[in-house]
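Here the protein sequences come in this chain order: A and B.
Residue 98 in my numbering sits at position 98 of the first sequence; the count goes up by one each step and never skips.
Residue 339 in my numbering sits at position 206 of the second sequence; the count goes up by one each step and never skips.
Honestly, the hints are just simulated from the structure, not real lab data.
Do not take every clue at face value.
Capping the alpha-carbon separation at 30 Å, the derived lysine-lysine pairs in DSSO-like fashion look like this [to be verified]: (1) B:LYS228 to A:LYS114; (2) B:LYS197 to A:LYS114; (3) A:LYS79 to B:LYS490; (4) B:LYS462 to A:LYS103; (5) B:LYS399 to A:LYS114; (6) A:LYS131 to B:LYS462; (7) B:LYS228 to A:LYS131; (8) A:LYS79 to B:LYS399.
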Amino acid sequence: MEREISHVLLGFILPCGKLCKNIILQDTKCNLCQGDSTFVKITTSEIEHVAHLTRLSFDPSGIESFSRQLNDILGYISKLEELDTSQVEPTTHALELTNAFRKDEVKPSLPVEKTLSNAPEQEGGGFVVPKII
Amino acid sequence: MPSLIDLSIHELHDLLIKREVSAVEVTRAYLDRIGEVDPKIRAYLIVTADQALTQAEEADRRLKKADDVTPLTGIPLGIKDVICTRGVRTTCASKILENFVPPYNATVMERLEAHGAVMLGKLNMDEFAMGSSTENSAYHPTHNPWDLERIPGGSSGGSAASVAARACAGSLGSDTGGSIRQPASHCGVVGLKPTYGTVSRFGLVAFASSLDQIGPISRDVTDCALLLNSISGHDARDSTSVPRDVPDYTGSLIPGLKNYTLGIPKEYFIPGLDPEVEKTVKQAVSSLESQGAKVVEVSLPHTEYAVATYYIVAPAEASSNLSRYDGVKYGLRASNYKNLMDMYKKTRSQGFGPEVKRRVMIGTYSLSAGYYDAYYKKASQVRTLITRDFKKAFEQCDVITAPVAPTTAFKLGEKADDPLQMYLSDIFTIPVNLAGIPGISVPCGLNSSGLPIGLQLMAGHFEETKLLTVAYNLELALGRCEKWPIL
């Protein structure tokens with residue numbers, strides 16, 4: 001029987017109703033309960049949503065090949081679920097550096113005309129953008 | 134006398150200070166060489182001939198007065214096009230920065246300038262340093278000087294190919310997941326990724342800020358130490374640069390490995406590793422043993438998770454870093470847009486190539502609402518496990534020895550349609566970046582088809598001196614490579 005399966009984080013709601021994070025990607029079965037969850041893939045509408053968030057647009061044929069590649073990559077990445085990291089602190093910086101403070105003082109900086117020298121459009125010492133409101 | 138382009142940086146320096154050659158002559162020799170071989174390998178995006186000759190004249194004045202002369206004075210170098218060069222276009226091999234002319238120099242460029250080094254031009258790369266083959270350049274691929282049908286590696290493919298082809302005396306690259314070491318290995322040259330925080334990232338166009346480091350690519354280990362000397366050190370303009378005294382790295386070029394223990398991680402010798410690469414790397418380790426080193430087996434159990442971890446962390450950081458390309462402050466702005474949102478989307482869709490789009494999409498997805506814990510946080514936790522593996526291994530050994538890449542250079546186009554396969558080719562180089570430790574690739578032989586193989590050496594944070602000592606001894610044991618590709 002086909003059941004609607006919601007995609008929760010990297011886990012899968014199995015037919016038994018449990019959230020399973022232990023998947024074997026090849027046959028998309030759960031290691032623990034051997035339930036036959038369907039591997040829910042990133043959908044075209046999700047790709048369109050993420051494309052909007054990242055300010056990109058794709059034509060329909062582009063979206064298709066893109067979703068195949070993204071699914072391959074995300075499928076591979078879900079390998080991390082094999083590891084129990086519940087007791088592990090995350091690393092966001094490779095070295096144990098504390099904040100690098102400096103005095104809050106005015107120093108010479110690039111002149112306005114140099115700062116604007118690469119702008120696609122400029123006027124009166126500022127960047128010109130399309131009308132917003 | 135051998136041709137000027139055949140000499141290493143330290144050999145050229147000897148001739149320059151004796152005034153047997155002038156910096157202008159050396160620079161002209163390299164510009165001629167570029168004219169001769171670059172149409173075949175296409176390592177350069179821009180050759181800055183006039184500026185190079187002006188810098189060489191200035192270097193000659195310094196050499197003549199014997200005033201303020203350093204080992205890099207008058208030495209012609211190539212620079213990866215991800216490093217900002219004042220007044221010289223810096224494109225990151227992307228269409229979105231096609232006309233970007235930085236109004237300032239990266240800190241490494243200021244340092245090289247202060248040393249009187251000469252810049253020959255800007256070198257090709259994968260767009261925004263995202264790739265392992267230099268095929269992702271928006272302009273043209275670069276060819277491996279040892280076999281023009283093959284990739285030079287990436288993302289610093291131009292930096293490695295130009296050194297191997299003797300189209301510069303040395304170069305700078307950048308390494309986020311292996312982008313210095315892997316092309317160095319594929320091109321048969323020396324490439325070092327310093328400890329995170331050793332070299333200022335100010336003016337290095339950001340890809341993944343917690344992983345990026347600039348480093349040297351050179352003909353031999355001595356040149357590597359000289360280049361590292363010139364670019365290392367604290368910079369107040371990069372808050373992640375480490376306030377720490379920089380040693381003279383040439384001091385580590387000493388024969389003998391009597392007190393050294395080398396570790397061989399069993400997780401790096403896996404199915405999928407090319408048998409010829411495995412054999413050559415193991416022979417290299419044996420030759421280090423004959424220099425006095427002790428060899429032990431070590432374990433880095435989380436190695437198999439490194440690629441997955443990296444392909445969350447790096448794209449997540451990239452999606453944030455690359456949001457600055459919005460068609461407002463610099464770079465491309467698309468025409469014919471309806472409103473601001475349309476301008477953003479058209480600009481970015483036209484300006485970025487497919488691999489950059491893939492990565493910023495993955496990054497945005499993994500940071501988006503509901504997915505952050507499962508992806509980014511999870512990956513950051515596994516990053517801790519990978520770092521702990523190294524800490525534990527370095528309790529047993531000084532330097533870890535391993536292959537750089539599972540195979541020698543592959544053919545152009547071979548992996549272009551399968552991004553995941555391309556990502557997996559970085560499996561042995563990525564852990565170093567995640568842990569922030571230094572790594573070096575040193576040539577250790579050619580395979581039966583004449584393609585170079587590199588030995589990777591890894592050490593603890595700020596242990597570059599140990600890496601250079603072991604690398605130098607490998608060079609002594611194998612004899613410096615005098616065979617260069619014929620072009």
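Mind checking the alpha carbons of LYS197 (chain B) and LYS114 (chain A) for me, to see if they're no more than 30 Å apart? 35 Å, violated
Check the hint pairing LYS79 (chain A) with LYS490 (chain B) against an upper bound of 30 Å on the C-alpha distance. 23 Å, holds
For LYS228 (chain B) and LYS131 (chain A), compute the direct alpha-carbon distance and say whether it is at most 30 Å. The given pair, whose Cα atoms are some 25 Å apart, holds under the 30 Å limit.
For the pair we were handed, LYS462 (chain B) and LYS103 (chain A), check the Cα-Cα distance against 30 Å. 28 Å, holds
Given the hint that LYS399 (chain B) pairs with LYS114 (chain A), does the C-alpha gap stay at or below 30 Å? Not satisfied, since the Cα-Cα distance of roughly 54 Å exceeds 30 Å.
When you check the alpha-carbon spacing of LYS131 (chain A) and LYS462 (chain B), does it fall within 30 Å? 16 Å, holds
Straight-line alpha-carbon gap LYS79 (chain A) to LYS399 (chain B), limit 30 Å: This hinted pair holds, its Cα atoms lying about 20 Å apart.
For a C-alpha distance cap of 30 Å, please report whether LYS228 (chain B) and LYS114 (chain A) respect it. 22 Å, holds
The structure does not agree with the numbered hints 2, 5 stated previously, though it agrees with the rest.
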